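From first to last, the protein sequence lines stand for chains A and B. Going by the working numbering, the first residue of the first sequence is number 46, and it counts up by one from there. Going by the working numbering, the first residue of the second sequence is number 46, and it counts up by one from there.
What the hints contain is simulated information worked out from the structure, not anything from laboratory work.
A pair counts as met if it fits within one copy or between any two copies, since identical chains are not told apart.
Dumping the calculated DSSO-like pairs for lysine-lysine here, alpha-carbon to alpha-carbon at most 27 Å: (1) 490 - 60; (2) 191 - 365; (3) 365 - 215; (4) 455 - 490; (5) 587 - 490.
Remember, predicted model here, so these are calculated numbers, not experimental data.
2 protein chains.
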Amino acid sequence: MDQEGRQRVVIENVKPNINCGAYPVKRVTGEKVVVTADVFADGHDTIAAEILYRNSKDNTWKTSPMKFVDNDLWDGSFRVEEEGSCLFTIRGWVDHFTTWQKDLVKRIDAGQDVSVELMIGADMIDKNAKNANGDDQKKLLNFSDKIRSGNAGVAFDDELSLLMGLYADKSAATVFQQEYEVWVERHRALFSSWYELFPRSASPNPGRHGTFKDVERLLPDISEMGFDVIYLPPIHPIGITNRKGKNNSTEAGPEDPGSPWAIGSKEGGHKSIHPELGSMDDFKELIRKAGDFGIEIALDIACQCSPDHPYVKEHPEWFKWRPDGTVQYAENPPKKYQDVLPINFETENWKKLWDELRSVILFWIDNGVKIFRVDNPHTKPFGFWEWLIKDIKKEYPEVIFLAEAFTRPKVMYRLAKAGFTQSYTYFTWRNTKDEFKEYLTELTKRDAREFYRPNFWTNTPDILPENLQYGGRAAFISRFVLAATLSSNYGIYGPSYEICNNTGIEDKEEYLNSEKYEIKHWDRNKSGNIKDIIKKVNIIRKENSALQTTFNIEFYDSDNRYLLCYGKVSEDKSNIIVVVVNLNFFHKQSGSVKIPIKKLGIPEKQSYLVHELLSDKRLMWQGSENFVELDPETSPASIFKIYKRLKREDDFDYFM
Amino acid sequence: MDQEGRQRVVIENVKPNINCGAYPVKRVTGEKVVVTADVFADGHDTIAAEILYRNSKDNTWKTSPMKFVDNDLWDGSFRVEEEGSCLFTIRGWVDHFTTWQKDLVKRIDAGQDVSVELMIGADMIDKNAKNANGDDQKKLLNFSDKIRSGNAGVAFDDELSLLMGLYADKSAATVFQQEYEVWVERHRALFSSWYELFPRSASPNPGRHGTFKDVERLLPDISEMGFDVIYLPPIHPIGITNRKGKNNSTEAGPEDPGSPWAIGSKEGGHKSIHPELGSMDDFKELIRKAGDFGIEIALDIACQCSPDHPYVKEHPEWFKWRPDGTVQYAENPPKKYQDVLPINFETENWKKLWDELRSVILFWIDNGVKIFRVDNPHTKPFGFWEWLIKDIKKEYPEVIFLAEAFTRPKVMYRLAKAGFTQSYTYFTWRNTKDEFKEYLTELTKRDAREFYRPNFWTNTPDILPENLQYGGRAAFISRFVLAATLSSNYGIYGPSYEICNNTGIEDKEEYLNSEKYEIKHWDRNKSGNIKDIIKKVNIIRKENSALQTTFNIEFYDSDNRYLLCYGKVSEDKSNIIVVVVNLNFFHKQSGSVKIPIKKLGIPEKQSYLVHELLSDKRLMWQGSENFVELDPETSPASIFKIYKRLKREDDFDYFM
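The task is simple: from the sequences and hints, build the whole structure.
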C-alpha cells in the first residue's frame, strides 16, 4: 500500500550539495564525506536518521547512522573507497520504540500505572521480532515476554535497544527527494607535487634544442627533489606565421623557436610532436622512464591554433573570418596576439569541434598520459568542459585535469564544478597573515571545500610574482614552504624556481627573457639554489599524512604580525604538524605562537617534544604559548612535528 | 539546429528559491520579487540577462531586464499582479554588439585602423535588422550604411544601442535550468489586524451563553477599533466525556462548558455548530454583517476530537487503541489531556482521513469562511498540510491559513514552506532592543522573508506573557504598538487585551480563570482600557502604506538601551514612518534617536517637520540626531510621520 501519507519525517538542507545537486561533490579514495541535514517530524516523537550511499553502479544502499547535533540539525559521515561515481541521500523515520522508552521513564517517575504501557511496548517488540531471525528473534521475544509480565526495568536494556534499532520498521521512513553525487578520484588528485619544465631547454649543450631524451636525463634530479608530476608546456609543432620573438616581440628572427602555445604547423597539430623534441616513441619512453621514478608526465591542453594549424584549412568554420577575408587572431583590445587564433566555439559545427577536441585527449590517453593541465579553460565554454570531462572520466576515472584559470572567483569555482580535478588559485598573490587566513578559510571551510581542489603554484612561465622578484632567496624558501604545506597539491616552474631566478620586467610580474619565447640553458645547480630545502620539504610531505590534505588546516595565533602559524592534524590525530613562516623576507622576527594543546590532546602542565624537521632539531615546548624566532638569512620557515605522550607511562613514540 | 553547445552564458545561485525550488516563494498582489543570480560567460565578452516570468496558466514569458551589480552578481525585479501561481527563471546571452562597441572605443583610442571592424559591426546590425520591421528596420539599415561607409561615431548612438538590444539574437541564450514558483495571494495575507474572541462570552447578560447574534452586536465596537479579521475559537459541539472544568481541572461541574478545542459530541463534529451558539443561518448572517464592516470571520481548524466525536465510532482506525481496549487520549508524558483524542495520522486509512479533513475546510468555505487559523499544525504531518493547502488554494487562491505553531524555528519555517499564508511567531517573548533587532532581521532580511509571513500576537487565550502580566497598562500600549507597527499582520485576544486584563497564574504565562474553560462576562469598556489607542494605531496603519508591509523595516540607533527606534518607508519613498517605543514600562526614558536622513532624502542642514500621530503633535527636527522622551504613564510609544521638503521652493506637503 502507498506509504506516502504516513511519512512523518521531513528532511531538508542536505549538505554537501553543489548547485542543488547539479554538480557532484569531489573526494579522493579513502576520504570521508561529512553529511548534515535538518531532520525532524511533526509532534514530539523521537526520530532516527541515516545516510544511504552507494557506488552508482550498485543497486543496494549502504547505511551510516546520523546523530542529532542541535536545533534539528543532524550529521553523519561515510567513507568513499572506490574511484568513480557514488550517490548519497538521507533516510529518516519516527522511532516509536525509543519514544516509548523515554515516555515510560517519565510515567514511572510520575508514579503512574504503566501496566498498559508495558503491553504496548511488548507488542512493538513482537512486531519487530517478525523482521528478525534465529537468536535475535528469540532474544526479542524473550524481552517482550518479560516486559509483558510486568518487568519494566528490562525495557531499557541496551541489547534490546540495539536490536530494536536493527530491526526497526522503516516502512514509513522518508527518503530525501534527491540523490547527490560524489566523484571519487585517485589519491594523487589531492596529493601531488608538480614540476613544470620546458623540454626544449633541457639540453646539456648550449646551442642544441632540448629533447625528450634530455628530459629523461633530468629525471633522477627531479625525483631526488621529490616531485611526482612533471608538466610539459605544449609539445606540438609551433606555427611560423606571426611567430613571436624574444620577450614577446612581434618580429621573430630565424633562430627564434616561437611560443609553444602557438600550436600547429604543416608538421601537424594537437596530435603531433614538435620534431625537434623527438618522436612519439621517445615521448612514450619518457613516460615509462618517469614512471620508474614514480613520476607522471602531464601535458598541456590549449584549445587554440597557430595560423598554420591544419584545422584552419580543414575546418575554416571553427575560426572567425573577417569581412576582408582574413582570419581573426586573438585579441584583448587594444592588445593583439597575432600568433594565435582562438577557436570559435559559437560555430554551428560545434558538435564536430567538440568531438575533435575530445579525440585529442583520447589520443594522448592512448599514448600513456593521465594528467592534463588545461590552458585558459575560462575562455572556452563551461558546457564544453562539463561534457568533455564527464565523458572522459566515465571511461578513465583516473584522468586528472588541472584548470589553469586566473580569473574571477565565481568563474574559477564554476570550472571546478564543471569537473576539473584541480585548480590554480590566488595563492601566488596572497602575502599577509590576514590574506592567508581569509583565503584558506574560504577554500577549506566553506562551500568550495566540496568541489574545488586547490593547486598552489609559486610561479609559472607567465608569472614571476612581486614577492619572488623582490624578496630574495628567503622569499623563494618561504613561498615554497607555504605552497607545499598550506596545500597538499602544489607546483613550481623550474629550474627558475629552485635556482632563485628573479630577473623580472620592472613593474610587471613577468620574467625578463621569458622561456616562453626562447630556448634557455640553465645552470641547474647554480650556487644559492634551494634544491636541498625542496627535497626536505617533499620528504616531510611524504612522511607526514597530516600534510597530504589541504582541508584540515587550522590557523594558530601568534603575537607577531609577520609570523604565520598553522597546524595540520591527520584524521586519526596521530600525526601533528605545525608550520611557522616568517612573512617578512628582510628582517628576523620572533614571537610566541599559540598551540591549541587541549584540542591536540596535550596535557596543560606537561612539557612535550617537538621536532623541527627542516633543521632536524628537537625542542621541548611547554603549554600553549611557545617562542619562535625565524631569520630570513638562515631559517625563514620551520616545520614542527609535535609528539604527544599518549599515556603517562609510555615513552615518546618517535615513529607514530 | 541544436543550440545547446553554443550557449556560453552560465546562470547559477538564482534567488529567491526555497529548498532548491521545492517550495514556492510567497508574495501578495502588487508586491515586487527581487531576483538575483550569478551570471557570466567564458572569455571577456559583454553579456546581458533578463528575468522571464509568467502566470502559471499563461504560455508566454514576460521579461524584465537585469543589471550587473558586482562580482558576477546580477539583479532585477518583477511585480506580481494576479492571485495564483507565477513562475520565473532567468535568461542570459552574450551581447556581441555591446562587446563590439566597447572594443571599438579601445581600438580607436589606441589609434588602430578600424575599417574592417566597422564592416563587422555593420554586418551585425544588418543581421539584427532582419528581426525588425517597418521603421525600426529602416533605422537599423540606415545605421549600418553609415557605419559601413566609415562613420565610427554613429556606432555609439543611443537609439542604435536600444534597437540592437530590442532585436538581439537570443538563439544561443541560456535559460536557467529551473523555473521557480511564486504563490501570489491577496493583500490581506500581508496586511491584517486580527481580533480573537470567544462567542460564548459575548452575551450582554451574565448567566446566558453568548451567541453569534451577540457577536453581531459587538461588530460596531470591534470595527471602530479598526480590526478586519475576527477569529473565533472552535464553534463546534463540545464533548462531555472527560470534559475539563475551570482552570483546566479534570473534574468538570455540570455548568462547565468545556474547552471548545474538545471538538465533537453526539450533536456533531467539525461540520456542526455548538447549538448554544446558534444555527448555521445565524453563522452565515454573522459573516454577512461582519462583511458590511469590512471584517472577515476566521475559523479555527483543530484536527483532534473529543472522545464523543462521531469520527470515533465511524472511523476507529483514525485513533490509537490501547491493548486494554481504551482509546488513546492526548499526552505529553507525564501530562495528560483526557478531553482530547489526537488523530492517528499514521493510520493505513490515511487517504480517507485526509479527504475527510479536506472536506471540513471545503464545507466552511462553502459557508462563506475564507480565513482559517490552524491549531497546533506542527503536531500533524507536514505532508498533509502541503497537500491540503495546495489543493484548496488551487480552487480558492483567496483562502488564508494561519499556522498556530509555537515550536522550534525550523519546524515553524517548514510549515510556512508547506503553504501556510501567515504564521504565529516568537514576538510574544521578545522584549529587549537586541532581541527585536535580531528577530526582525531574521524574519525580514534573510531567507524567511521569501516564504514566512509573520503575524505578531500580543496574547492568546493560552498565553499571558510575562511582559503583560507585570508591565501594567504601559506594557499593553507598548506591546500593541510594537505588534502593529513591527509587523503588518498582528492580532490580539480580546477583550482581555484592550481592558488590560493581566490576572495570570503566578510563574506561568497563563490566564487565571481562563476563558478556555469558562464563560466570561466582560466589561468591555472597563476604565483604563486602551481602545482609543488601538483605534488610533489602526487608523495610522490604514493611512500610511509604509506600515502595510513587514519587510521594509530598518532599525535606527538610539543612545538609550530602552528606546527602540525603527523606520518604515513605502516603496516609492513618499511615506516615511518612524516609531519609537519605550521598552521600560516602569520608568521615563529619554535619549536621541538617529534618523538616516541622507537615505531618506532629507537635506543635512535643514530642519524638517515631523508629526507625532498618537498625540497629533507637530515638531521640528534637525539633522539626524533628535531628542525623544517617553513616559510609560502618558506616552509609552510615539509614531512619527516624517515630512521631507521635495524642492526648496515647495511648501510642506502635509498630505503626501
